[in-house]
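A.B. asks: Sequences listed follow chains A and B, in order.
Residue numbering for the first sequence follows the numbering used here, beginning at 7 and increasing consecutively.
Residue numbering for the second sequence follows the numbering used here, beginning at 214 and increasing consecutively.
These aren't lab readings, by the way, just hints derived from the structure by calculation.
As the structure is a prediction and not an experimental result, all values here were calculated from the model.
Even glycine gets a Cβ: it sits at the ideal position worked out from N, Cα and C.
Certain hints may be false.
As the list claims (entries may be wrong) - Below, computed lysine-lysine pairings styled on DSS-like, alpha-carbon distance capped at 25 Å:
| # | chain 1 | residue 1 | chain 2 | residue 2 |
| --- | --- | --- | --- | --- |
| 1 | A | 100 | A | 122 |
| 2 | A | 77 | B | 445 |
| 3 | B | 445 | A | 221 |
| 4 | B | 294 | A | 221 |
| 5 | A | 51 | B | 445 |
What the hints assert, rightly or not - For the chain A half of the interface with chain B, some residues (derived, Cβ under 7 Å), not all of them:
| # | residue |
| --- | --- |
| 6 | 33 |
| 7 | 36 |
| 8 | 39 |
| 9 | 47 |
| 10 | 167 |
| 11 | 190 |
| 12 | 192 |
| 13 | 251 |
As the list claims (entries may be wrong) - If you anchor each label on the Cβ, the simulated ranges turn out as follows:
| # | chain 1 | residue 1 | chain 2 | residue 2 | range |
| --- | --- | --- | --- | --- | --- |
| 14 | B | 488 | A | 113 | 31 to 39 Å |
| 15 | B | 258 | A | 282 | 18 to 26 Å |
| 16 | B | 245 | A | 256 | 46 to 54 Å |
| 17 | A | 177 | B | 507 | 45 to 53 Å |
| 18 | A | 288 | B | 253 | 27 to 35 Å |
| 19 | A | 198 | B | 447 | 35 to 43 Å |
| 20 | B | 450 | A | 105 | 16 to 24 Å |
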Amino acid sequence: MEISNIELELSPEPELALLNDTSQINTLENEAIYIFREVAAQFEKPVLLFSGGKDSITLVRLAQKAFWPAKIPFPLMHIDTGHNFPETIAFRDKLVAELGLELIVRNVQDSIDQGKVKEESGRYSSRNSLQTTTLLDAIEEFKFDACIGGARRDEEKARAKERIFSVRDDFGQWDERNQRPELFDMLNGQIELGQNVRVFPISNWTELDVWSYIKEEEMEIPSIYFAHKRKIFLRDGLIWSHSDYVYQEKDEEVLEEMVRFRTVGDMSCTAAVYSEATDIDAVVQEIRDSTISERGARIDDKRSEAAMEKRKQQGYF
Amino acid sequence: MEVLKIATAGSVDDGKSTLIGRLLYDTKSLTTDKLQAIEKTSKQKGYDYLDFSLATDGLVAEREQGITIDVAHIYFSTQKKSYIIADTPGHVEYTRNMVTGASTSQAAIILIDARKGVIEQTNRHFFINNLLRIKEVVVAINKMDLVDFSEERYNEIKADFQELMGKRDYEDQRITFIPVSALKGDNVVHASEHTAWYKGATLLEHLEGLDLEAVSNMGTPRFPVQYVIRPKTDDFHDFRGFAGKVYGGELSVGDTVVALPSQTKSKIKDIYFYDKKYKKASRRSSVTITLEDEINVSRGDMLVKVGDVPTIGKQFTATVSWMDSQKLTAGNKYIVQHGVNKVLAKVSSIDHKIAPDYSGIDTETVSLGMNDIAQVSFRLNKPIFYDTFKNHRTNGSFILIDTQTNSTVGAGFITTP
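Please put together the full structure from these sequences, using the hints given.
C.D. replies: Rendered as C-alpha cells:
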C-alpha cells in the first residue's frame, strides 16, 4: 500500500459553505488555531520561535488565522547561529516587514563572545547545540512564559513523546519522565514564576501535512526548499553545503549539483538531498514518494540514537 | 482525508509496539533510514527477527528496559485515512497514560496474548475504554503463531472477553475480535494463510472501513469562548469576536444563542474562519463568532442554543481517574479546568472507589492514590455549565489541577448533578 494523496478541499465560497472537519488539513488546522488561542489567553508573555524554516512559517500563518482581524498578539524571536543560509534570513526579514510583526533576534555569536559557550571545532563542528544557551538567556531576558515552536511528533522519536504544552523548569530543562498528562482538548498552562512552557501547535502534523498546507495556502517559503544548483561535497553518505561555515577536509571534493533542502537548520547541521523539484507541486510529490525520513538529513540527529532526547533535556527547542 | 485517532492498550510483552511497528512496516510507512536503524539494532541485540518495537520506543530508558513508559504518537496514512496512534503503556502503574491516550481517541485496540488469554489487566483496559466511551474497540488476539493459530484457543479467549462485556456500562460500544500475529504479520495488514477459519477483516481492513462520523460522539452545540478578539483598528473599530471551538453540533448565522453565565440572549451575526464568513460552523471548527447585540462575554463563558441550556451548577458528582502520587482526600481543594474555564473546587466526598477490573466497588475508601478510579463529589466556588459525560464527551469532562504544584493530577467524567 502506498502513502496516499491527501485530498485538499477547495476554499469554500464566502457566505456559502459549511466549515467541514473531515479533511485532515482542516482537522489539524482547527486544532492548531485552538492551541494558539489558548496560548494568548493563558500566558502573559508568549513568543513565537521563528527559524525561517517551513514549520515556523506555517506557524505564522496559523497564528494570523487564529487572531484575525487583530494582529498576532506576540512577537517572533529568532536565535541566529550566524551560520544560517542567507536565503532564510532574507526571507525572514521580508515576512516580518510584510506582516508588520515584531522580530527579536538574539545571536549565538554573542553567547560565544561572552564566554558562555565554546565554539566547537573539527570535522563535525556545528553551532546547532550552542543555540540552547542563547535561547535560555533570551527567555530570561524577556521573561517569556510561553515559547511557541514548530516541532512535530512525527519528526523524531523523542519528539513523539512531547506534550502540546510542555513545561520547562527554571533551568529550561525537560523532564520527560514527569510530564503532565494532556486529556481531551484541555491544556493546562499553569506554571510557577521562572518556569516556561514550550508550545507545539503543529504537534500532530506530518511533514506531508505541512507541505500540503503550504501548497494549499500558496505560502511563500525560502528558495532553498526548491531544487537549485549548489556547491556541495559528500561525507558519510550525506550532501553537505560547501561554505565558509562548514568544516571541509582537503580531500573532500567540491561538486556542483541540483539539490534542495527538506529541513532548514544552520548550514553546519543541515544536509541537502538531490532533487529536481523546482516548484511546490513537485516538492509535495517528492515528499509523498520519499523513502527517507526528513531528519535523515539532519547531521545533528546522527550523533547518537538519543541525540534529540539529550538536547531536549538541556532546553533545546 | 479523514483522521482516525486510535488508542492502544495491552500488558507488558503483549506486543503492542510490535503491532504498531508491523502496521507501519506493512503499509510501507517506515522510511529506509528508520528501517535500517531497526535492522542494525535488532542485529546488534542478536535477535532472529526485526524488532519493530524499536520504531516506537523513543526514550533511552524505554529502549534499555524494552518497555514503553510514556504515551507516544505514531502517524501513518493509507489511501483512505490518516491514522494517529496513541501508544500507551500497559503496566498497572500507568493507568493514567491509558486514560490520557483514550481521551483523544475515537477507537481503541486492546491486545491479548493468546497464550495468556484474558487477564486482570485486560479487564482494566476494557474498563477504561468503556469508561471513556470509546465507540469502536478492536480486541486483537496476538501471538496466534505461538498457539498454532488454534481456532479453539481464539474462541476460548473470545468467550472469556464476552463475559466481561456483560458488565460494561456503555452498551453502544462495538467490539470486534481479530486473531493476529504482529511479529509474523498475520491478519494485521495482510490476511493470514494460517487462519482459514477466520472470515473477518484484517486489522487494517477493519480500521479502513470505520465510518468516522459514526464513531464520533455527537451531542448538542456548545461554544466555550476561548478568547475575545478586539482589533481596535480603524477598519475594525467595533469588531468584537468570540473565538472558540464548536463542540457537539453545528452553529449557524441567525441562531438565537444564550450566553452563560449571564443568560443573556442574542443572535449570531457572523461566523468567521480567518477572513471569510460562513453560514454554518460544524463540530470541532475553530471559528470567531460575532453577535447582534453588545453583550458582555469573556473567556470561560459559553454560547449555547436557546432551549438547549446545559446544567448550570456549583456541585456535581464525577468518576475521577486519579493521576498523582499525592493522595486525593475529602476536603482537598483543586482547580477544576472544565474546557477553558477554571474554577476552584473542594472535594465534598469520595463516594466509592471502583475496581477497574469490574470486580466491584469499595465504599470505605478515604483517599485516592495514583491510578485509582472513584466516584467523587465536588463543590465549586463558581457555577460551571456542564453536561453529563454520557451526553456530551467534551462538556462532561474536566481535569483537576493541583493548586500548589500546578500539575494535572486527575481527570473527571461527570455522572450526575
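A.B. asks: Now, for every hint given, state plainly whether the structure supports it.
C.D. replies: Now the hints, each set against the structure:
1. Proximity of residue 100(A) to residue 122(A) is assessed by CA-CA distance (about 31 Å); at most 25 Å being required, the pair is judged violated.
2. For the hint pairing residue 77(A) with residue 445(B), the CA-to-CA distance comes to about 10 Å; that is within 25 Å, so the pair holds.
3. At roughly 32 Å between alpha-carbon atoms, residue 445(B) and residue 221(A) are farther apart than 25 Å, so this suggested pair is violated.
4. With a C-alpha separation of about 20 Å, the suggested pair residue 294(B) and residue 221(A) falls inside the 25 Å cut-off, and the hint holds.
5. In summary, the hint linking residue 51(A) to residue 445(B) is supported, as the alpha carbons are separated by about 20 Å, within the 25 Å threshold.
6. Using the Cβ-Cβ criterion of 7 Å, the hint placing residue 33(A) at the interface with chain B is satisfied: the shortest such distance is roughly 5 Å.
7. Proximity of residue 36(A) to chain B holds as hinted, the smallest CB-CB distance being about 4 Å (cut-off 7 Å).
8. The interface hint given for residue 39(A) is met, as the beta carbon of that residue sits about 4 Å from the closest beta carbon of chain B, less than 7 Å.
9. About 5 Å separates the beta-carbon of residue 47(A) from the nearest beta-carbon of chain B, less than 7 Å, and the hint is met.
10. Of the supplied interface hints, the one on residue 167(A) holds, with its beta-carbon coming within about 5 Å of a beta-carbon of chain B, less than 7 Å.
11. Taken as an interface hint, residue 190(A) checks out: its beta carbon lies about 5 Å from the nearest beta carbon of chain B, inside 7 Å.
12. Contact between residue 192(A) and chain B, as hinted, is supported at the beta carbon level, the nearest pair being about 5 Å apart and thus within 7 Å.
13. The restraint placing residue 251(A) at the interface with chain B is violated, with a minimum CB-CB distance near 25 Å, outside the 7 Å limit.
14. With their beta carbons about 36 Å apart, residue 488(B) and residue 113(A) fall inside the hinted range of 31 to 39 Å.
15. Hint check: residue 258(B) to residue 282(A), Cβ distance near 40 Å, so the stated range 18 to 26 Å is violated.
16. As the Cβ distance of residue 245(B) to residue 256(A) is approximately 31 Å, the hint placing it in 46 to 54 Å is violated.
17. For the pair residue 177(A) and residue 507(B), the beta carbons lie near 47 Å from each other, so the given range of 45 to 53 Å is met.
18. Between residue 288(A) and residue 253(B) the C-beta distance comes to about 32 Å, which sits within the given range of 27 to 35 Å.
19. Checked against the hint of 35 to 43 Å, the pair residue 198(A) and residue 447(B) passes, with Cβ atoms roughly 41 Å apart.
20. The hint said 16 to 24 Å for the Cβ distance between residue 450(B) and residue 105(A), and at roughly 21 Å that hint holds.
Taken one by one, the earlier hints fail for this structure at numbers 1, 3, 13, 15 and 16, listed in ascending order.
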